[in-house]
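Which chain is which? The protein sequence lines are A and B, in order. So for the first sequence, my numbering puts the first residue at 2; every next one is plus one. So for the second sequence, my numbering puts the first residue at 297; every next one is plus one.
What the hints contain is simulated information worked out from the structure, not anything from laboratory work. Note that the structure is predicted; figures quoted are calculated from it, not measured. Built from N, CA and C at the ideal position, the CB exists for glycine as well. Each hint should be verified, as a subset may be incorrect.
With the C-beta cut set under 10 Å, the calculated list includes, among others, these residues of chain B facing chain A [said to hold, decoys possible]:
| # | residue |
| --- | --- |
| 1 | L309 |
| 2 | V310 |
| 3 | T313 |
| 4 | G326 |
| 5 | W361 |
| 6 | R364 |
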Amino acid sequence: MPDFTRIVRERLVLPPMKGRREEKIIEEVAGQLGDLYREALAAGRSEADALTHALAAIPDWDTFASDISVAERRNIPAIGEADVERVELSLRQRGRPWGWLADAGQDLRYALRTLRARPAFSLTAVLVLALGIGAGTAIFGIVETVLLRPLPYAEPDRLIYLLEQKPPQFAQFTVAPGNFLEWQAQNRTFESMAAWGSGAFNLTGSGEPERFRGMRVTGNVFDVLGVRPVSGRPFREEEDAPGAPPVVILSYELWQRRFAGEPDVVGRAITLNGVAHTVIGIAPSSMQLLHRDTALWVPVAFTADDRQQYGSHYMRAVGRMRPGVTFEQAASDLETISRRLEADHPGSNKGWSALPTPLAEAFVSEVRPALLMLLGAVGLALLVACANVANLFLVRGLGRRRELAIRAALGAGRARIVRQLLAEAGVLALAGGAFGLLLAHGLLRTLLTLVPTALPRADEIGVSTPAVACALALSVLTPLLFGLVPSLQVSKAGLTDALNAGGRTGRAVLRRRTGRLLLVTEIALAAILLVGAGLLARTFQLLLQVDPGFVASQAVTARFALPAAGYPEGADAYRFYQALIERVSHAPGISAVGATAGLPFSDDFMTSLSIEGRPILPAAERPSVNYYSVSPGYFPAMGICLIRGRLFTERDAPGAPRVCLVNETFARQYFPGEDPLGQRIRVDMGGGEAWREIVGVVAGTRQYGL
Amino acid sequence: MFSPELKKGSLELVVLTLLSEQPRHGYDIGRLIEARSQGRLQFRVTTLYPVLYRMENQGWIKSRWVERDGEQRRNYYRLTPKGERVLVEQRENWRAFTATINLVIGEGHA
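All chains, full assembly: derive it from the sequences and hints.
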């Protein structure tokens, strides 16, 4: 026998009544349903059929409840009595700080019962809200971590990221060590400055050999950032000098992964690029912000030669402004020094100047517009969700107008009724918020696997305290958005209209007007989202149609570097690469193998160019071009087409005449109307390079992205 | 069969009449109406109970929970002295009303 008392209690939502009157009614109606159920069973129906038969006796619980309410008017406390009761209650509870909770508690209980009585409505509303709040919270979590949270360095506002620029060719470029050292020595606005350049390190000696990316840093980089190693110590000044005993600081991640977090790693020697280095400390993960995937730091130890390098750009720098100095003052200070350097070293520094950016800004400038757009999009989606739920609420509220009108007639003020409806909205929104948080958690995990590298501080992103606060704030704000308008609308209707056999005329007008407004809002918001998504899709489609000049599908790349200690001569390295290519090309499933010093989209080596038979310009005025050293197999492996002439062959080995290939763009730009084949050019890589004959022209490739 | 308005207008009289014979519970009242009208008069639970509650609140009927062995608790309604007076009044009203309507529509004159 089904529990009819429970069924009736859940569905028959009656206003609060005196004494045990409500319980009596529930029991009696439940008993009646029980009689109908037994009657159906006795007639030979199945249990399920009998239940359906019994429940069919009450097709509309809301109308039934309001009819009973009318009959029970004298048992429902009118406003006067309710006030007396409330005053009595507050007198009894005088001195207790939460007397007001009694009222709120009553609202809440009533709201819960009302919502339980309509599970389909409640569930739909909660799910829609959970989607909106969940998406909003997830994206807010990302925005908060990436854009709003202060950098994990001491007084991060005083940190300035330093690059160089040479407009119009190079909007931003890495720093030459000579320039950095001059900034460091001549500036008057910075407390300290540090620089670093990236390098490859092979770890051998214990366990599997492994290749890492590491940073060659000036010894003071930890002090400038205000970062303490989690174990050990930072570099000492004397360790950042040529010939000093090699030392290394490991990343927290490498320490955990490779050395299982053993504390005695500090002080131990490890072999990097064939040279023993003493581990002096473990850096916290905040150090990896400067460059992701940095496994270790070693002192850069500038040589006398490095100190004179003004045209060779390969470092990045950070400066800590003196207290009280503004960004503009620091920028103008650096500009003055840049002009001085330009005068002192016109060959290398003509047109170059320092490019300072606040450090926090430098990290996020690329992702900020995308993140803010995403935040706007989920904001709109949340509004659509609110409009949806508001519509549901309105329709549901109109169905309950008789009940509400009766409550109003019995003395409940409009404010009380609106409060009651808002309590229901609040309960829905809180449930939506709770599910939304779970959803946000899952969503973030998925999102972060989709954007593993592009996003700074991605590892810190999660459902953090601010994200929870955001979900909570949304849960409190959304009911005002979706609950207030319908509540005011529904509670406004007159008593006669509502009691009038369903008050259909007024209901229809009201539903039409507010419903139409909500519909228009929804369509407008959805249209904005759709147009935005459509534009993105169109851009993506266009990007897919762009020919990068090479075939990326089926191509696999691996990076490695040969330690100078193991391969002192160029010929040693050449033999290694030959053997490597030979062996890989015989591996199953491999159709072509090539080696290159850099890949499109990820590496760029710029060098200056001279053309035989034309005036040799001063170094600073020579045109800059991309330059790669590649093996003969590179072009077939990358699917780059030969247009004219020939590709490299095995005969272009060390000792053979120097040759080179150029691409179509180069041929058009430097040999317009001429045949580039047979012409000779010289690139200034490392200085003293020989003339090379152009033996072929290949198709152009996109170098910096689509 | 009959219009809802007509049925509603007569429900009080019907219930009072049935209760004047003996105390009865809601389900019993519904079943008796159906049986005596040979199925031509049926009242839904949703119509019957609000009327019972209204009459009880007006003091025409009074209810009492009765427990019998092996049966669920039932709420029995009985007529109060006030209800008896109302019944007499309503019965006379009804007769006068139907007679008047019959005069108007020409029934019972042939």
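Results for each hint:
no., hint, result
1, L309, "17 Å, violated"
2, V310, "17 Å, violated"
3, T313, "20 Å, violated"
4, G326, "8 Å, holds"
5, W361, "8 Å, holds"
6, R364, "13 Å, violated"
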